[in-house]
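*Asks:* Protein chains in written order, with the numbering used here: chain V, 10 to 400; chain R, 6 to 607.
Hints are computed from structural coordinates only; laboratory data are not their basis. Note that CB positions come from ideal geometry on N, CA and C, so glycine has one too. Just to be clear, a hint being listed does not mean it is correct.
Claimed, not checked - Chain V regions said to be covered by chain R (calculated; three or more residues, Cβ under 8 Å):
#1 164-176
#2 273-280
#3 297-310
#4 320-332
#5 359-368
To be verified - A few chain V residues facing chain R, derived, Cβ under 8 Å:
#6 Ile265
#7 Ala270
#8 Cys313
#9 Leu314
#10 Leu317
#11 Gly351
Claimed, not checked - Some chain R residues judged to face chain V by a derived CB distance under 10 Å, without partners named:
#12 Met6
#13 Arg9
#14 Thr14
#15 Leu17
#16 Trp18
#17 Leu20
#18 Ala23
#19 Val25
#20 Val34
#21 Arg38
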Amino acid sequence: MRRLDVTLVVAALLLAVLGVLTIYSAGGTYYLVRQLVFLPVAAGAAVAAYLMPRRLLHALAEPLYAVVLLALVAVLLAGTGPGSKRWFVLGPLSIQPSELTKLATVIILAKYISLRRVIGLTPRDLVAPVLLAAIPALLVLVEPDLSTSLTFAAALAAMLYWQGMRPLHLLLLFTPAISFAAGFSLYTWIPFFICLAVLTLVRSGLTKSLAALAVSSIFGLLSPVVLSMLKGYQRDRIRAFVAPWFDPHGVGWNAIQSQIAIGSGRLLGKGFLHGTQKRLGFLPNRHTDFAFSSAAEELGFIGCLVLLGLFILLLYRFLRAARYTRDGFGAQLCIGFAAILGYQAFVNIGMLIGLLPITGIPLPFLSYGGSSLLVNALMVGLVLNVAARPE
Amino acid sequence: MERRFNRLTQVLWILFAALVLRLGQLQIVQGARNSYLSDRNRIRRIVLPAPRGRILDRGGTIIADSRPSFACTVVPTELGDSAASLLARLLDMPEAELAQRIKPVAMYASPVKVKRDLSAVEVARIEESNFRLPGVQLHIDPVRSYPAGVEYCHLVGHMAEVGDEDLKRDSSLRRLDFIGRSGVEAQYERLLRGRDGFEYVEVDARGQGIRALPEKRPDPAVPGKDLRLTVDGRLQRLAWDLTADYERAAVVGLDVRTGAVLCLVSRPGYDPNIFMGPIGSPTWDSLVSNPSKPFFNRAITSGYPPGSTMKPVVALAGLHQGAITPESRFQPCAGSFRYGNRTFKCWSTHGSTDLPEALAVSCNVYFYQLGLRIGLDSLTSYARQIGMGKTTGIDIPGERPDNVPTRDWLDSRYGKGRWGAGSLLNFAIGQGEVLATPLQMASIYGAIANDGVACIPHVLSSVDSAGRLTYTVPVRTTRLPMNRADLDAVKTGLNRVVAYGTGTAARLSEITIAGKTGTAQNPPRPDHAWFVGYAPAEAPEVVFAVLVENAGHGGSVSAPIASKLIRAYFFPEEPAEPDTDTTGAAATTFPAETSTTDGQPR
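Assemble the whole structure, with the sequences as input and the hints as a guide.
*Replies:* Right, dumping it as structure tokens:
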């Protein structure tokens, strides 16, 4: 018995159409044509994902994961891209393996996490999922791309939570990594340490609290050591990761331009193709990471509400599919995909409106990019698959 | 399941609600203002240049400072083609060069520097034509200046405009920035430079600033640190003046107890201020084409045969390895020494001498025989251990290790085994293939004076930040293989050199000086004159190495220079004696703007 989730299909299609319009307005005919070529490919992929037996996907999880990781390593060794190694050029196509990695990692995580009924804070439950998520996250991190690397953390956290892991345990699981990142500066590490101490003392007793604090102290101490071993330019790069408001190249300038562009859209927007900021060329990468600024300028607040509404609707249907399926693997797929798309949408828009530091995260469906569109379509197709066959 | 579904849905709502609230703030609450700002791009990112740290001598006299100047900046998105050609004409600049400056950043609306250090005429021209030059502005832009003058050129160094390489290597640099290229300016570039800040300002339709943008806090510039050097400005000036009669010379003075550089001079020099002006001026061309290479720091990058100043090193090697005692005598000197079928000369006839006496009269025959007894491998190994053939580690870039002719080196130079004992004999009297810089010789004699403890030479004394002392350079020492009894014998010899030997020209009535003269053969051109000496001989404080190229005997030319520097060090209240040649010195006293810092005790 198949029931197609029409709401989800419509939401995804509307987002894709909005994406095409935005790319045309921001990037011009060249990018429009390319995106229009990708669209049917992505749609075909979505249909295939919808029709595919989930058992096959379950069986293919490991090979998929392995192939994608190899591509990621290949990119590190031979990739090209402006400033950093993110792209992989194969003839006329340039592929961004980190996008495909998101998909493959969620699939294999779904497989291994759904093996257990409930996940506790034990090595037996956690070693496999943490390793499976950490490997691609670290590979992406050295690309270097911190924000994409955090996508995997978001997916892992959401999926573990869905499998019954307590939020406190989830926090403890991530403390070493948080402590390491916070440890680059005492100003971030001390508040983190105090919060952790209070929280664990209140919620889990003295012994566990001391253990958690000891572990996070070790990782916190490790980061200055690592930092001191790095060369000057590497340290600058890390500093830009951890403190992007440290602004030697005027990234803040881009953020300001973006906020002015968005704000100048006011309630109703300047109208399609009537944005001025992007026409004057103040916005960098305006058809990719900055696509939302361009859209918000032309569509205004009302248009933004519609756009955000479509995202909420899409993600809600993802969660709903997880809620109603009886297949643990399928449910985990939906949760993982929701986490990834939700993280990207929130981080991208958040940075453009000045809530978060500027990083290189695309907005699903709106940012130009074939790999991204293909992966997003596959995610939608797989969620439709789960929603249609809940057993 | 239900609960977790609800929780995740709530998280979704909360995150998106935050986005909607912020969007509302930007588009509704601040919508009118953002719309106004976007209407005609009305904000500018202005660079606030970090003032470069000053460089002071040990007394606080300013050696390098910054003076204000005007730079012309352009907002590339606003400058039209006609305005561009007008601007190029006003600035006496080829249009292609202007376009080249703007091109890499053409898509941005932040100002780029197109010309720095404008003349008063250029400033006036731009101001007059302001209304025809949209996007063109004048900014205050500090420029380096060197009030103390030419004697510091090699020590403090100079700055020059960044090149493509620098821009690639260091992303915080921008075009038309200046960075340290030599000397202290290059060595401590990071400390001196500080970090530029910036602010965002709102501008009117003519591109003139109205006020700071309230939405974005300015990021203030972090000023560079002030550097205080160990150098004594008086000695530096005196060393410069005392070598005025010679085309090429170098002087190094060190505090033997700390390694602090008291003076470091190389002739000929250049005016570091010329790098601030346009390259290609007549002065510039004459400097570049000067065969004496004024940019070359002879004190640390030029190796000379040490001549007889090498003999104390050979003596110490012999004593250290037990080849001789201070009382050892060899075949008497009859004016020459026959080895194989070659004759090696001495400069006089000295008869039979012991070691101190051989040093005092600088007897070559004694040292030929000593060298043979020690052997090449032992001698080169000892010379290397006490610092020859190695950089001293001074904090000025470009120091050269220079050469000790080891067996391997001779093999590679002449072919395996195709060299004879002549190399060893020449080495033993400091001629031929052995080379040392004046700094190395000063450092080695400093270690002898300091009873075998070598202090690594350094020119930085302390770092000041906003008038407060933040860092003091520690003294770094190494123990050399020289024992007390051996040193006493060598020091006795060095005392006698000045008392009645080859270096009597250095003698002072008030202070006992010990040292060694040297005459480095430089065929076919005239010899180089060396003197290296320390004082007071009983409890040494300072060491000076003086080298004058092609000036003949060290005893007559270099020894008096060292002696005058030592006198000036110990009697600072006396007027420094710039020899009989007072004309040059009077014209080069410090300018009036020279002043000490805040006058606090340090």
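*Asks:* Next step is simple, just say for each hint if it's right about the structure.
*Replies:* Evaluated hints:
Counting residues of the stretch 164-176 of chain V whose beta carbon lies closer than 8 Å to any beta carbon of chain R gives 4, which reaches the threshold of three, so the coverage claim holds. Note: the stretch 273-280 of chain V has 4 residues with beta-carbon separation from chain R under 8 Å; the three-residue rule is met and the coverage holds. Using a Cβ-Cβ cut-off of 8 Å, 4 residues of the stretch 297-310 of chain V lie near chain R, which meets the minimum of three, so the contact claim holds. Closer than 8 Å: that is the beta-carbon criterion, and the stretch 320-332 of chain V has 8 residues meeting it against chain R, so the requirement of 3 holds.
Figure legend: the stretch 359-368 of chain V, annotated as covered by chain R; annotation consistent (4 residues with Cβ-Cβ distances under 8 Å, at least 3 required). At its closest, the beta carbon of isoleucine 265 of chain V sits 6 Å from a beta carbon of chain R; the interface hint therefore holds under the 8 Å criterion. A hinted interface residue such as alanine 270 of chain V counts as satisfied when its beta carbon comes closer than 8 Å to some beta carbon of chain R; here the least separation is about 6 Å, so the hint holds. The closest approach between the C-beta of cysteine 313 of chain V and any C-beta of chain R is roughly 5 Å, which is under the 8 Å cut-off, so the hint is satisfied.
The beta carbon of leucine 314 of chain V is positioned within 8 Å of a beta carbon in chain R (closest approach about 7 Å), and the interface hint is therefore held. With its C-beta approaching chain R no nearer than about 6 Å, leucine 317 of chain V sits inside the 8 Å limit, and its interface hint holds. Checking glycine 351 of chain V against chain R: minimum C-beta separation of about 6 Å stays under 8 Å; hint holds. This hint holds: methionine 6 of chain R has a C-beta 7 Å from the nearest C-beta of chain V, less than the 10 Å allowed.
The beta carbon of arginine 9 of chain R is positioned within 10 Å of a beta carbon in chain V (closest approach about 6 Å), and the interface hint is therefore held. A hinted interface residue such as threonine 14 of chain R counts as satisfied when its beta carbon comes closer than 10 Å to some beta carbon of chain V; here the least separation is about 6 Å, so the hint holds. Interface restraint check: leucine 17 of chain R against chain V, minimum CB-CB distance 6 Å, threshold 10 Å, status holds. The restraint placing tryptophan 18 of chain R at the interface with chain V holds, with a minimum CB-CB distance near 7 Å, inside the 10 Å limit.
Nearest Cβ of chain V to the Cβ of leucine 20 of chain R: about 5 Å, under the 10 Å cut. The hint holds. Evaluation of the alanine 23 of chain R hint against chain V yields a held restraint, the C-beta minimum of about 7 Å falling below 10 Å. The interface hint given for valine 25 of chain R is met, as the beta carbon of that residue sits about 6 Å from the closest beta carbon of chain V, less than 10 Å. Residue-level restraint check for valine 34 of chain R holds (minimum Cβ-Cβ distance to chain V is 9 Å; threshold 10 Å).
Interface hint at arginine 38 of chain R: satisfied, since its Cβ lies 8 Å from the closest Cβ of chain V, which is below the 10 Å cut-off.
Violation of the numbered hints given earlier is absent; every hint is satisfied by the structure.
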